[in-house]
Amino acid sequence: MKHKTFFWFVFPSVLAMLVFIALPILSVIVQSLHVEHEQVIIEVENCGPFGCTQSTKIDTAATEALRAAQPLGRWAGLTTYFDRGHLALAEVSAAWASADGIGDFLGQLMNLPFYKAMAFTLTYTAIVTPLTIIFGFAIAVAVNSVARMVRGPLIFFTLLPMIVTPLVGSLILFWMIDARGIIGTALQWAAGDPDLSVKASTPLMWIMLMVYGVWHSAPFAFIVYYAGLQTVNQDTLESAMIDGASRWERIRYVVLPHLMPLTTFIALIQLMDNFRVFEPIVSFSAQAHATSLSWAIYNDLGGETRQLSSAAATSVLTIIGVSILLSPVLIRTWRDFARK
Amino acid sequence: MTIWTKTALITGFALLQGTTAMAGCGLTEGRVSIVGNEFPAIQTVAAGAAACAGDGVEVKSNLTADHQKINLAGMTGNPAEYTSAIIANSSIVALMNEDVIRPLDDLIAEHGADIPTKQLITIDGKVMAVAFMANAQHLVYRKDILAEIGVEPPKTYEEMLAAAQMIRDKGIMPNPVGGAFAAGWNLAEEFVNMYIGTGGEFFKPGTAEVAINNEAGVKALTVMKSLTEYMNPDFLTHDSNATSAEWEAGNVALMNMWGSRTGVLMDTEGSAEVVYSNTTVGGPMTVGGGTTPASTLWWDGWTVAKNISDADAKATFVALKNGISPSILNDETMGQAVWMIDGYQPAPVNDGVFAAIAAGTKPYPMLPYMGLLHTALGDNLAEFLQGKESAEQALADAEAAYTAAAREKGFLK
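Chains A and B, in that order, give the protein sequences. If you read the first sequence in the numbering used here, its first letter stands for residue 0, the second for the next number, and so on. If you read the second sequence in the numbering used here, its first letter stands for residue 586, the second for the next number, and so on.
Any given hint might turn out to be false.
Simulated crosslink set (DSSO-like; lysine-lysine; CA at most 27 Å straight-line) [to be verified]:
(1) Lys740/B with Lys998/B
(2) Lys891/B with Lys115/A
(3) Lys115/A with Lys973/B
(4) Lys711/B with Lys891/B
(5) Lys810/B with Lys740/B
(6) Lys654/B with Lys899/B
The hints are simulated quantities; they were obtained by calculation from the structure and are not laboratory data. Being a predicted model, the structure only gives us computed values, none of them experimental.
So here's chain A without its partners, still in its complex pose (with noise of 0.2 Å):
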């Protein structure tokens, strides 16, 4: 293709990722890096239904006189990502310094509000990515081998959990595992525990996440997988099945090297989708329980105050996060296209 038609050709989409995705996190970028002015307090008396207080409030004039002079806040630089919500460097240091013991400093460290969100993130993201493959796989020959009659209806219903809206879904699991739900009261009866309640039982509740988690998106590699099944080579089977290989051997050999460009695929977007897990921890009043970086961007954003610079820099952690766990996945990639 020559120059010209090939600069034309991509060019639309070229601008599209410009503005809406290169822009936006460019302003997050800047945003990150800027705090609030400092705010002019002053005291006042303030008078309603319940009488007279002394009270304290902003001088909006002061304040609107710094803004005008510098519309993007005060420079801060990196310390919004060193402060406490997020790297929390002199906490960190203070914690090594003081701890008696690497358990200490764990302990410690899982204290402050960034490594707490990293420690279920990752746990979540290494557990849920494999299980969500294997068994999207599994499905995938399974419903591969039943009669084709049945088919069509069996990939309906395997794909619902994906077709359901992630907030409802975890909802309805919500309630199901409720100490008065149909899951919650089934675990009682089989723990014996009359009291066991997973809502209050954190390691309860991380798995209740993660296997919400998988449920949700096994769907999702499961029909890449079954799409990938039907340009398995036919003839390579069939030799495969004369040489007397067995039904395992043929799928080790034979489906599963056919298979591994969709793996790639499927482990990339997994692995971006579980970084970001967010609605199961909404809808389960996880917070106490289990938080991630999504979920501290949406705390600093929806309180009565807002904390943008605090939210921006989560942002900008969360797309380096991104970042290094698919390094390794986007290195291999580049490395097979480069030797074809």
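Using the hints, position chain B against chain A.
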């Protein structure tokens, strides 16, 4: 455009128009656009304001539980999308901090001389909002169960705990205490109540420096932890809605609950006869021998946006004044709230809020940085209640989280 999007748009416009009615109020021009929380009392006020729509006057309202997430953004532009936000004493602060609401003194002099002074929210000598209803948390109890154990309705949290122990010992209910202890806003609100009850101050006087990691803070948390021992083990996921559901299911006999929610508990819907007919409200409770009730007083009121034309401001003021005029009170609306409107006659469901006012309950602090502390408390107290860390550590964490946030917002150096 597909036929579906067209239909959706037309439906959307029809819904918006649905809140526009025809009448007068002596206005000839102006745009009124109200944003606010969604519960029956506020719907009544918005409907009363909509009665002023007519020739040249447009009145619309957007009432949603997510109002706090949109009101500031919707009032920042010039002209502002919303000409009025219905807010409470905590949420007015966010609007004042960003300077998006206007003083109402001129409008009151011209069009509102008859609004009683007690309804005017005056800050630094300027009227910034007009309150129309009061709210507070107070005791709600089952009179049949208290009679069964032979105990008077508790006046203190210590009496409440003793009664809860008796109910459990007699095998009437395993978890007789309820409460909106969901991690986040609700849990922080319960701490604010309890901390005020123990006589604590949230900040060093006249500064934004937080001061909750003290004896009063530890005492407040200890009482909260004792209460959770009589609660459903899922208490950290129970907001006001879930707590009300527990009550209606007959699982709870004692709780501290919002006055604005007692109407639902005492009506005949959603619960068995034995539950709703025995549900009774009491006053707010004190804690640890203190005299200040462990509760906060709240008002709901309306504001007028700053970034709108004077004609729109006048229309907004007149329409909302009509929305809180005595004419909106009828058999249906009377029990929806503790109205501050002339002609309001209290019903038994409202006794708790009146008792809270009479007992000298403090209003929720209206400080520019209180919202940040509330968020920090909501994020950091759950670990103590779960038994994962000490009360001092939880309070220190909340203080540290607040300080980081207050630095970023420019309240602290």
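Results for each hint:
1. At roughly 43 Å between alpha-carbon atoms, Lys740/B and Lys998/B are farther apart than 27 Å, so this suggested pair is violated.
2. Our distance criterion of 27 Å between C-alpha atoms is broken by Lys891/B and Lys115/A, whose separation comes to about 42 Å.
3. With a C-alpha separation of about 13 Å, the suggested pairing of Lys115/A with Lys973/B holds against the 27 Å cut-off.
4. Our distance criterion of 27 Å between C-alpha atoms is met by Lys711/B and Lys891/B, whose separation comes to about 14 Å.
5. Restraint check: the Cα-Cα separation between Lys810/B and Lys740/B comes to about 19 Å, which is no more than 27 Å; the hinted pair holds.
6. For the hint linking Lys654/B to Lys899/B, the alpha-carbon distance of about 26 Å falls within 27 Å, and the restraint holds.
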